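Model the full structure from these sequences, guided by the hints.
Sequence lines, in order, name chains A and B. Residue numbers for the first sequence, in my numbering: 87 to 392. Residue numbers for the second sequence, in my numbering: 3 to 255.
Please note that the accuracy of each hint is not assured.
Claimed, not checked - Interface residues of chain B toward chain A, partial, derived using beta-carbon atoms under 8 Å:
(1) Gly6
(2) Asp32
(3) Gly34
(4) Cys42
(5) Gly63
(6) Phe89
(7) Leu99
(8) Val111
(9) Arg148
(10) Glu184
(11) Phe194
(12) Ser248
The set of hints was computed from the structure by calculation and includes no laboratory data. Computed from a predicted structure; not experimentally measured. Don't be surprised by glycine CBs; every beta carbon is placed ideally from N, CA and C.
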Amino acid sequence: MRSVWRGAISFGLVTIGVRLYTATEEHDFRFNQVHREDGGRIRYRRVCQVCGEEVAYADIAKGYELDDGRVVVMDDEDFDKLPINTDHAIDVLEFVPVEEVDPIYFQKVYYLEPDKAATRPYVLLRTALERSGQLAVVKITIRQRETLAMLRARDDLLVMHTMLWPDEVRKADFEFLESEVDVRPQELKMASSLVESMAGSFDPGDFTDDYTEAMQKVIEAKAAGAELPERPEEEAGEVIDLMTALERSVEQAKSARGGKPAARNAPARKPAAKKTASSDGSSSRGSSSGGSSSRKAPAKKKAKPA
Amino acid sequence: MSFGLVVFPVRLVGATRDHGFRFHEVHRADGGRLRHRRVCSVCDAEVDPEGVCKGYELPDGRLVLLEAEDFEGLAGPVEPTMEVVQFAAADEVDPILFGRSYFVEPERVAVPSYAVLRDVLTRSSRVAVVRMGLRRREVLGVLRPRGGVLVLHTLLWPDEVREPDFDSVDVGVGAAEVRLAESLVDSMTAPFDPSVFSDGYREALGALIEARAAGDGIPVSRAPGETGGEAHLLDALRRSLERVRSGRIRREE
Chain A
87 MRSVWRGAIS
97 FGLVTIGVRL
107 YTATEEHDFR
117 FNQVHREDGG
127 RIRYRRVCQV
137 CGEEVAYADI
147 AKGYELDDGR
157 VVVMDDEDFD
167 KLPINTDHAI
177 DVLEFVPVEE
187 VDPIYFQKVY
197 YLEPDKAATR
207 PYVLLRTALE
217 RSGQLAVVKI
227 TIRQRETLAM
237 LRARDDLLVM
247 HTMLWPDEVR
257 KADFEFLESE
267 VDVRPQELKM
277 ASSLVESMAG
287 SFDPGDFTDD
297 YTEAMQKVIE
307 AKAAGAELPE
317 RPEEEAGEVI
327 DLMTALERSV
337 EQAKSARGGK
347 PAARNAPARK
357 PAAKKTASSD
367 GSSSRGSSSG
377 GSSSRKAPAK
387 KKAKPA
Chain B
3 MSFGLVVFPV
13 RLVGATRDHG
23 FRFHEVHRAD
33 GGRLRHRRVC
43 SVCDAEVDPE
53 GVCKGYELPD
63 GRLVLLEAED
73 FEGLAGPVEP
83 TMEVVQFAAA
93 DEVDPILFGR
103 SYFVEPERVA
113 VPSYAVLRDV
123 LTRSSRVAVV
133 RMGLRRREVL
143 GVLRPRGGVL
153 VLHTLLWPDE
163 VREPDFDSVD
173 VGVGAAEVRL
183 AESLVDSMTA
193 PFDPSVFSDG
203 YREALGALIE
213 ARAAGDGIPV
223 SRAPGETGGE
233 AHLLDALRRS
243 LERVRSGRIR
253 REE
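Put into structure tokens, the structure is as follows:
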């Protein structure tokens, strides 16, 4: 793992030297554009629409189109003059309760590794965050752009989530929100039973990316010159009303469990990993995820129409 | 969207957008926009879009060519269905897995069913774990209520979260230090209001573009903020706490 940033957290008068590592990576296959005839890689030739000439890399500038159609041409020197913060600092601005931060703002995630000399203050900040159920709101400059971010305790580590700016989250102003919807109590009750019967503790390891696996097979088959795997058939559904659908779903979910609360056969998980930010503000501590949960529960099965 | 046997039509709308300025590549000499022409690196001829396919390079250097039909319906559902596969406690889903966010909008006929699911999630503090086909990909996600709207967060697959491979950072810290650190956290705690913060870089870039458009000079940069010095940990904590209490460390804007 290579660190992408090196600097220090400043928390009051405490300074904690840290390195940042990207915490996630996509597992998608990377494709290139290829000329079908000869298998040659496609590259782009940049041609100016005004003079029709091919333009060398050194002669390319950035253009910003104004509303009136004029183009402002910006050069590297222009960007160099922008107020960029070259500080290698993660400034703690304030602390906020975990549940106050709407995860819709979360963008990229980094692991923080303390410098050897900074291990104690690092562990101290991590412990204080965990015990108080708080996140640290920080400012950091990565690749010359200042962003807002959150530090949170996750297992033994501090992780940092960079945040979108407020105007980067759209307003959800849908028409249906203006109409009054009556949710009937019996529907809500039935839906609650369905939710309970399908509730389990969440383990992302229960799920597999069938698409990527299928892609792997296609690539392997092509490489071997073999027949391609068939795609699975889908079943058609039936239209029923909401209440009936809820009732039948509850029955189905119950029978899928064999009518008894399944034993928890999952390995114990680290509690710190469960700390998450939920924005609805309501506490979910009361909802038991044990007891009625099951690894074998209907999770991966498709709900087949009755 | 299918929730047990309850099936109703919804649409997804991107919940976020990048507020950065969009630049085009231009020819510096005449300001002309650049057009990208596809050229084959083997025969050097210009290739039209129909002549292009996808290539995957095998570890041995051979190239596997894939056509559009190879991607069709790859294991994923033919119908774009968002299927609820389980419910989980809201605080159980590690946000490290969160990918993109979408608003889920019900079609008119689906509003009652949508409202039931939304309300039941709100009351139970649960999220719905869904799996779905999105842009020809199979995606795992969680649905959670946010205001009156259900938000879908797509999730990364477990193997997309890297294992930190540096040494364990578990050392003992003293109870007094922890107490002091907690007091410092408490004293710097405030309700979270993202609208207080603004993207200074974007604002400056906007001003620069305006200035260039008006033919003016370039705005001057501002000085970076101060950072704390080094001190003995316990002492630093104590002094930080004193400073916060006496109001000298203020919330930055």
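Now for the hints, and whether the structure bears them out:
1. Gly6: holds (2 Å)
2. Asp32: Holds - the Cβ of Asp32 (chain B) comes within 8 Å of chain A, reaching about 5 Å at its closest.
3. Gly34: holds (3 Å)
4. Cys42: holds (4 Å)
5. Gly63: At 12 Å from the nearest chain A Cβ, Gly63 (chain B) fails the 8 Å test, so the hint is violated.
6. Phe89: holds (4 Å)
7. Leu99: holds (6 Å)
8. Val111: Result: violated, 11 Å to nearest chain A Cβ.
9. Arg148: holds (6 Å)
10. Glu184: holds (5 Å)
11. Phe194: Cβ of Phe194 (chain B) sits 4 Å from chain A, so the hint holds.
12. Ser248: violated (12 Å)
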